[in-house]
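Each residue of the sequence shown is one higher than the one before, starting from -8 at the first, in my numbering.
Rather than coming from a laboratory, the hints here were simulated on the basis of the structure.
Note that the structure is a prediction, hence the values are computed from the model and not measured.
Careful, some of the hints might be misleading.
[Unchecked claim] Using C-beta positions, here's what the derived DEER-type ranges look like:
(1) 27 x 128: 48 to 54 Å
(2) 92 x 38: 19 to 25 Å
(3) 278 x 252: 28 to 34 Å
[Stated by the list, open to error] Computed list of lysine-lysine pairs in BS3-like fashion (alpha-carbon distance at most 30 Å, straight line):
(4) 117 x 102
(5) 102 x 297
(6) 297 x 278
(7) 48 x 102
(8) 124 x 102
(9) 297 x 242
(10) 278 x 92
(11) 48 x 117
(12) 242 x 295
(13) 186 x 102
(14) 92 x 159
(15) 242 x 48
(16) 295 x 278
(17) 48 x 124
(18) 242 x 92
(19) 186 x 159
(20) 92 x 124
Note that CB positions come from ideal geometry on N, CA and C, so glycine has one too.
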Amino acid sequence: IDELEELLDEKSESKTKINFSTIYTMVVLNWQYFLLSLIIFVCGALIYLRYAEPTYKMSARLLITTEENKNNSATQMLSQMVDMGFISSSSGIDNEVEVLKSRVLLRDVVKDLNLYSQYRLNGRVKDVIVYNKRPITAELDPYHLDSLDREYIELESLSAIGMRVSRKDGVYYVEGSVHHSGKADGKNNETFSLKAETLPMHFATSLGTVTLTASPRFSMNDGDEYSISILPPMYVATRYLNSMTVEPTSKRTDIAQITLVDANSQRGMDFLRHLAICYNRQANADKNAIAMRTEEFINDRIAKIKIGRA
């Protein structure tokens, strides 16, 4: 038995030596193919990193002030009771977090910053997103902009305007079309082509009147071509909602942390800043409405008391 085990060990060692020697020989004899594969993979990775569209993750913190957290002693006592497990309730910050994730609020941000119009500089291989340095701005009249939102919400259809704006020999050329999808897919698509020597220019489409204006700070060079898309603000707000998270920093604070992922860092930061502005504006509007209703109620009661005494 011992002799048989030794024989088996020798055979296994010989097989291992043969396998290693075979692999070594294969690598040495075919080194050029391995080197070529390495070069191809490295070049592919560099090309991907060069032309892939990057994404940026940004965050901001917002202090939530409610009527509930103005009374510090009561708030601390409530927090201690929640920690000990005596009660379980939804605090004011939880409600405000839901308000911050409201599509109506995000739609106000999109409309104020004109984010429903998206711009790209057409290149030979890659189209680059243009935000704060765009030489041209496209806007849709407010009435038809709201109509796009109503059609998107009620009919679950998406209608948009896509156009290419170029400049040659000082003349602006605009070519584009109107697209429909969803339940409005049966509508006829419209194409348009026009030119103008100066901006601003206005032209009518089936979705409304489009206005193109030139930037006072940046000029459009001859030979440049920009792709512009005009989308429903509610659709853009929905996309921002899907790429955004809002959550309290902890159970003991009234600070909400907002995290956003966007393909343009400056656009994302502007969105977060203006979200805070729109949130405060809506909160003040709600307080003013409550104050007006309270005043009306008090005046009505006073009037009834006067009539009763008379």
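Status of the hints after comparison with the structure:
At about 49 Å, the beta-carbon gap between residue 27 and residue 128 stays in the expected band of 48 to 54 Å. Distance hint for residue 92 and residue 38: a CB-CB separation of about 38 Å, inconsistent with the stated range 19 to 25 Å. Roughly 32 Å separates the CB atoms of residue 278 and residue 252, a value that falls within the hinted 28 to 34 Å. Under the criterion of a C-alpha separation no larger than 30 Å, the hint pairing residue 117 with residue 102 is consistent with the structure, at around 28 Å.
Pair hint residue 102 plus residue 297 does not hold up; C-alpha atoms about 48 Å apart against a cutoff of 30 Å. Straight-line distance between C-alpha atoms of residue 297 and residue 278 comes to about 29 Å, which keeps the hinted pair within the 30 Å bound. In summary, the hint linking residue 48 to residue 102 is supported, as the alpha carbons are separated by about 22 Å, within the 30 Å threshold. Distance check on the hinted pair: residue 124 and residue 102 sit about 19 Å apart at the alpha-carbon level, within 30 Å; holds.
Proximity of residue 297 to residue 242 is assessed by CA-CA distance (about 50 Å); at most 30 Å being required, the pair is judged violated. Between residue 278 and residue 92 the CA atoms are separated by roughly 20 Å; this keeps the pair inside 30 Å, and the hint holds. Only pairs whose Cα atoms come within 30 Å are accepted, and residue 48 paired with residue 117 is accepted, the gap being roughly 22 Å. Proposed proximity of residue 242 and residue 295 is contradicted: the alpha carbons are some 47 Å apart, above 30 Å.
Using a Cα cut-off of 30 Å, the hinted pair residue 186 and residue 102 holds, with the two alpha carbons roughly 27 Å apart. The hinted pair formed by residue 92 and residue 159 fails the criterion: a straight-line CA distance of about 44 Å is larger than 30 Å. At most 30 Å may separate the alpha-carbon atoms for a hinted pair to count; residue 242 and residue 48 meet this at roughly 24 Å. Our distance criterion of 30 Å between C-alpha atoms is met by residue 295 and residue 278, whose separation comes to about 26 Å.
Simply put, residue 48 and residue 124 have alpha-carbon atoms about 21 Å apart, close enough for the 30 Å limit, and the pair holds. Taken as a hint, the residue 242 and residue 92 pair is honoured in the structure, with Cα atoms around 19 Å apart against an allowance of 30 Å. A distance of roughly 10 Å separates the Cα atoms of residue 186 and residue 159; the hinted pair therefore holds under the 30 Å criterion. Pair hint residue 92 plus residue 124 holds up; C-alpha atoms about 29 Å apart against a cutoff of 30 Å.
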